[in-house]
Each structure stands twice: as C-alpha cells, then as structure tokens.
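A.B. asks: Hey, can you work out the whole structure from these sequences and the hints?
Protein chains in written order, with numbering that gives the first Met the number 0: chain A, 0 to 229; chain B, 0 to 137; chain C, 0 to 301.
Keep in mind that the hints were calculated from the coordinates and are not lab data. For each residue, glycine too, the CB sits at the ideal point set by N, CA and C. Do not rely on the hints blindly, as some may be mistaken.
[Said to hold, decoys possible] Going by beta-carbon spacing under 7 Å, a handful of chain B positions derived as facing chain C:
1. ASN5
2. PRO11
3. GLN15
4. ALA42
5. ALA95
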Amino acid sequence: MLWYKAWRETRLRVLLMFAVVIFILFQVHQHVPLNRQNWASLQLQFMWMIIPLSLAGSGVRAEAPFRPVKGLQGSMYFTLSLPVNRLRLLYVRSAVGLLEAAGLVAIGCCLAVLAFPGLREQITMADGVAYALTVFVCGFSAFGLSTILATFLDQQWQGMVAMATYFFARSVTFGLNGDPTSPLARFDFFRAMGTATTLHSMPWVAMATSAAVGLACYLAAMKVELSRQY
Amino acid sequence: MILRLNQSSGIPLYLQLMEQVKHAVETGALRPGDQLPTIRKLAEDLVMNPNTVARAYRELEHEGIIELRHGSGAFVSELGGWKAAWKSNLTRKAQAIVQNAIDKLTASGLTAEEIRRLVENELAAVRDGKKLQGAEHE
Amino acid sequence: MSNLAIEVNGLRKSFKGKAALDGLDLRVPAGSIFGFLGRNGAGKTTTIKVLMGMLRSDVGTARVFGLDAGDPASSVAIRSRIGFVTEGKDLYPYMTVEQIIRFTRPFFPKWRDDLERRYLRMFDLPPNKKVSDLSKGMQSKLMLLLGICHSAELLILDEPTDGLDPAAVEDVLRELVALAAAEGTTIFFSSHQLTEVEQIADHICIINRGKAIVSGVLDDLKARYQRIQVVLPDDMPAGVRWVEGVASVRQDRRTVSILANGNADAIVAQAESIPGATVERFPVGLKEIFLEHVRSEDHALV
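C.D. replies: Right, dumping it as structure tokens:
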C-alpha cells in the first residue's frame with residue numbers, strides 16, 4: 000500500500016507532465032515536420048524542459064506533510080508512527096518516482112516515433128527506446144539532485160530549484176565544453192541528452208557519469224533522511 | 000446497578016464506589032446472593048478505571064460486604080446482608096440523631112449552608128486522620 | 000519492581016536553544032491507565048515523539064517495553080507493539096476508511112480481522128467514506144480502531160479528545176477503559192482535560208516546562224493533598240514557619256489558604272495552635288493540584 004500511496008500522491012503531477020509532453024510533441028510537429036535531423040533538436044527542446052521537471056518533481060522526501068501546520072504534523076505524524084523503517088519509506092517513494100519518470104520518458108520518445116509516420120522511416124522503435132534509456136539514465140542525476148534538495152526544501156520549491164540548478168549546470172558545462180570533440184565531452188550527460196542516439200551509438204560514458212552523480216546525491220539524501228528528526 | 004460518581008470531588012473514586020455499593024445493600028437494592036457486575040462491565044458502564052473498580056471490590060470483600068468467587072464473579076455476601084440490616088437499623092437511629100442535631104443548630108440560628116460546612120469539615124478531619132473504612136467499626 | 004511499559008530518565012531536548020524537555024523522568028507501569036498532564040507547550044508532544052522514535056533526545060534515556068526508543072531498529076520493534084492515536088487530521092485525508100485500514104494492516108502481522116469487523120460495526124465507520132469527510136469523533140475512533148486491531152500492548156494517545164463533543168469523548172474514554180479491562184492494555188494519554196484524566200486514570204504525571212513536577216498513583220495523590228483554610232482574628236503573626244508538607248500558602252487579609260501535600264494533620268494542629276484561629280480542611284481535586292503546581296512554578300511562590 001505504500002506504493003499505492005506514493006502513486007496516489009504524485010499522480011496528478013504525472014498526468015500533468017504527460018499532457019505537457021503530448022502537447023509539445025504535437026505543437027512542434029505542426030510547425031516543423033519531424034525528420035531525422037530535427038528529431039534531436041526537438042528532443043533537445045522538450046526533453047530539457049520535461050525531463051528535469053518530471054524527474055525533479057519526483058525527487059523525494061520520505062513523506063509530504065499534507066497540511067504543514069505546526070511544524071511537522073499532518074501525514075508525517077501518522078506514517079512515522081508505523082513500524083516501518085524510514086529508509087523503506089524513502090525507497091518506495093523513490094521507486095515510484097523513478098517509474099513515473101521512466102514512463103514519461105518512454106512515452107515521450109516512443110510516442111514520437113509511433114505518432115509521426117515520417118519519423119518512423121528514419122528512426123526505428125529500437126532507436127526510440129535507446130534514446131529513452133539514454134535520457135532516463137542521464138536524467139538520473141537530476142533525480143538525485145532533486146532528492147537531496149527535497150531533504151532541505153519544502154515540497155513546492157524543490158522542483159523549481161532542481162530545475163534551475165540543472166539549467167545552470169548545463170550552461171556551465173556547455174560554456175566549458177562547447178567543443179564536441181574535446182575529451183571531456185564524453186562525460187557530458189547534458190549533451191548526451193540532446194543528441195539523437197541510436198541503438199548503436201549510446202553515450203555510455205555520459206550515462207555512467209550521470210548515474211554516478213545521481214547516486215552520490217541520492218546516498219547523501221538517504222543519510223540526511225535517516226538522521227532527520229521530526 | 001445504577002450509580003452516581005463524582006469525579007471532581009476530592010473523594011477517591013474507589014471509596015465513592017464502595018459507599019454506593021454499601022448503600023445499595025442497606026436499602027435492599029442489592030440483596031445477599033445478588034451478583035454484582037464484573038469489574039470489566041462496571042468499568043465500561045461507568046467509564047472508569049478497572050483498577051479502581053477492582054480496588055473497591057477488594058476492599059468490599061475485605062470488609063465482608065461481598066464475596067469474590069473465583070470464576071463466577073462478585074456476590075453480595077450473607078454477612079453483607081446482616082451488616083446491612085444492622086446498618087439500616089443504625090441508619091435509622093443515626094437519622095434521628097442527625098435530625099435532632101440539625102433542628103437544634105437551626106434553632107440556634109445557623110443556616111443550612113453553615114451546618115453543611117461544619118459537617119464536611121469534621122468529616123474531612125475524620126477521613127484523613129484515619130482511613131474511612133477504619134472509622135466504620137463493625 | 001513491577002513491569003514498566005515506559006521508563007524515561009533525565010530526558011533533555013532543546014530546540015534552537017530553548018529547552019522543551021529539561022530532565023524528565025517518567026515511570027508508566029504496564030497495565031495502568033496513565034494520564035500525562037501539562038499545559039500547552041509543556042513538553043507532552045515532545046515526550047511522545049521521543050517515545051515514538053521521531054525525535055532523539057539530547058541527553059537521557061527513554062525505554063519502551065525495555066527497548067531503547069532512540070535506537071532505530073528497536074524503535075521499529077516498539078512501534079509494532081504500539082497503537083498511536085492523535086487527532087484525526089493526521090490520517091491521510093484522501094483515503095477512505097477501508098483504504099486506511101488496508102494501508103495499515105500489512106505493517107502488523109498480528110492483525111485481528113475479527114476485531115476489525117467488530118469495531119467497524121461498533122464504531123459505525125462507513126468503509127467508503129473519505130477520512131476528510133468524517134467527523135472529528137469518527138476520525139479519532141478510526142485511529143483507535145487501528146491501534147486495537149493489531150493487538151497493541153500499549154496505546155499512546157496525544158490529546159485524543161481534543162475538539163470532540165462530550166458524547167464522542169465519552170465513547171473514546173469508554174473504549175480505552177474497555178481495552179484496559181479486557182486486554183490489560185497499557186494506556187498512556189496526554190491531555191489537558193483534567194476531568195477526563197480524573198475519570199479514568201490510575202496514575203498521573205504533571206509536566207511543566209519539560210520537567211515532571213508531580214507524579215504517582217492518582218488516588219494516593221488525592222489522599223495526600225488537602226486544602227487547609229485558616230481564618231485569623233488579626234493578620235498572620237510574623238515569622239510563622241509552617242511544618243513540612245506545605246506546598247503553597249496564599250493569604251488574603253485574614254484568610255490563609257494552605258495547600259498541603261502531606262502531613263496535613265500536623266499542619267492543622269499547628270494552625271489550630273494559633274490563638275483565635277479557625278481551621279477548616281477540604282479535599283482537593285486534580286484541578287486544584289494541577290493549577291497550584293503549575294502556577295507556583297510560574298510565579299515561584301514556593
């Protein structure tokens with residue numbers, strides 16, 4: 000039931016994100032028919048916005064107080080009274096958040112391939128899946144970032160702060176690293192997200208970097224959560 | 000049993016309960032052999048602490064008013080009945096004494112309120128000087 | 000040494016430099032109904048949070064069922080044996096009664112389905128109604144049900160009757176008493192409703208400013224405390240040193256009101272020895288004991 004609870008509390012956001020993804024996809028397609036070349040730039044556009052948003056939004060605190068009055072009353076008081084390990088609360092919410100984000104990413108990428116016949120000739124479903132995977136893993140750093148931020152900030156603000164931080168980091172790396180041939184470019188997961196990938200050219204190094212960054216942030220968040228007092 | 004307890008008076012609840020049981024036996028509302036409610040039932044009905052009820056029952060048994068038959072419950076004892084009879088006899092006499100005293104005090108100018116305070120004061124001294132049950136020599 | 004459900008020693012906890020708990024001691028015997036009294040902000044909720052493992056104390060120990068409440072693993076074990084009842088708004092408002100029960104049940108292997116059915120019926124809780132649509136009284140009963148159904152050995156209630164109408168209050172109190180009688184459940188409840196505490200508690204502790212100022216068996220306390228009123232013909236003779244047992248003294252012209260917490264006979268005797276004095280004694284209820292101690296702490300009268 001913890002899973003159901005986590006879903007129930009985030010489902011509105013997920014549906015909203017989904018609607019936005021669909022909307023942007025079709026908006027773009029109307030103006031610029033999708034083909035292999037601009038497939039990447041399209042992704043660049045909406046993925047930049049959507050993925051950090053959704054992953055940032057799923058960044059988790061162990062619990063969200065429903066009515067944050069009197070400090071930490073509200074649901075927290077009840078949930079913490081249950082014989083459940085705090086970390087387990089965090090894990091379940093994280094898992095649900097990640098699943099939601101994965102769903103959004105998959106749908107975004109695969110839907111594009113499915114919905115636009117012109118694109119389908121140039122890009123296979125497998126590529127769509129590959130790209131989805133790339134974005135997801137590269138976006139994991141956003142997830143970790145958002146989670147660690149969630150331990151300090153209120154639920155409403157963390158998404159925006161995470162997104163802002165993400166954009167800032169991206170512009171920094173782009174500034175440092177504008178040259179795609181530079182040796183550090185391999186690690187740049189922001190760049191990886193914006194480049195159309197195929198099943199055969201997955202940016203593994205960038206993905207690994209993102210995963211490492213995300214994991215480090217997540218572990219830090221876990222530690223903070225464990226020592227947290229209510 | 001229909002009982003009325005006053006939680007906010009300073010008198011411990013178990014004493015109040017004991018008094019009311021004894022009163023019930025005296026007036027015949029409870030007769031020897033009658034079964035008293037179980038501790039649990041009485042506690043629930045009166046919404047009071049079961050340990051308090053238990054204490055009252057224990058003390059009542061100690062005084063011989065009731066017997067606690069293991070497994071069956073609490074019953075008014077024969078002895079309790081006799082004591083009650085004796086008591087009601089005593090009560091009738093006591094009533095006469097009190098009536099007399101009140102008449103005299105009223106005649107000398109005291110109001111009902113003043114008389115009541117005098118009586119309560121003396122009772123408080125009695126209760127706290129020696130335990131109330133001790134004061135009832137049987 | 001009887002079995003203690005809860006044992007707290009020298010608990011200290013500060014928030015931002017202010018002490019919420021300042022050396023609290025607490026002994027809650029198993030099977031008792033324990034009233035934890037204090038004004039708002041005295042430290043009741045903080046204490047409960049420490050017992051539940053939500054807060055860690057700075058200094059001191061808190062043990063529940065003999066286990067350390069501050070150790071995370073022990074705390075989970077403790078919470079599997081505790082029923083926790085607070086205000087209804089602490090439940091998830093969007094879930095229905097049925098969903099909350101289904102949510103809570105898997106956490107407790109010892110869940111009793113028969114009790115669940117019985118109490119759903121007894122409390123008249125509509126399974127498909129959302130928690131936010133329930134009245135306060137119903138919400139409290141639902142929380143109570145959750146604690147009952149997993150056969151909690153200890154019920155901790157944080158101001159459980161706050162905001163309830165008198166009928167609902169009586170219902171809650173009756174259930175607590177029934178549990179204590181039938182299952183020997185230890186009931187620990189914090190309250191500032193003195194009449195309720197007086198009604199069902201056999202032990203109490205009064206907390207003020209993070210410290211326990213009075214604690215013990217309620218009946219014994221009420222037997223020990225007395226109000227002794229002395230009316231003097233003139234003002235108090237100077238420099239009267241009362242014998243031991245005087246908790247507080249108040250004087251208004253020729254009336255001296257003494258709250259004794261022991262040794263009442265000797266105090267009365269001393270008072271009677273003052274020429275021309277009239278002495279009266281009255282039993283003392285919990286409200287008086289509470290107010291006297293709390294006020295005297297505030298004004299440093301004693």
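A.B. asks: Compare the structure with each hint and give your call.
C.D. replies: Checked hints:
Nearest Cβ of chain C to the Cβ of ASN5(B): about 10 Å, over the 7 Å cut. The hint is violated. With 7 Å as the threshold, the beta carbon of PRO11(B) comes within range of chain C, its nearest partner Cβ sitting at about 4 Å, so the hint holds. Because the smallest distance between the Cβ of GLN15(B) and any Cβ of chain C comes to about 11 Å, over 7 Å, the interface hint for this residue is violated. The restraint placing ALA42(B) at the interface with chain C holds, with a minimum CB-CB distance near 5 Å, inside the 7 Å limit.
Proximity of ALA95(B) to chain C is violated relative to the hint, the smallest CB-CB distance being about 27 Å (cut-off 7 Å).
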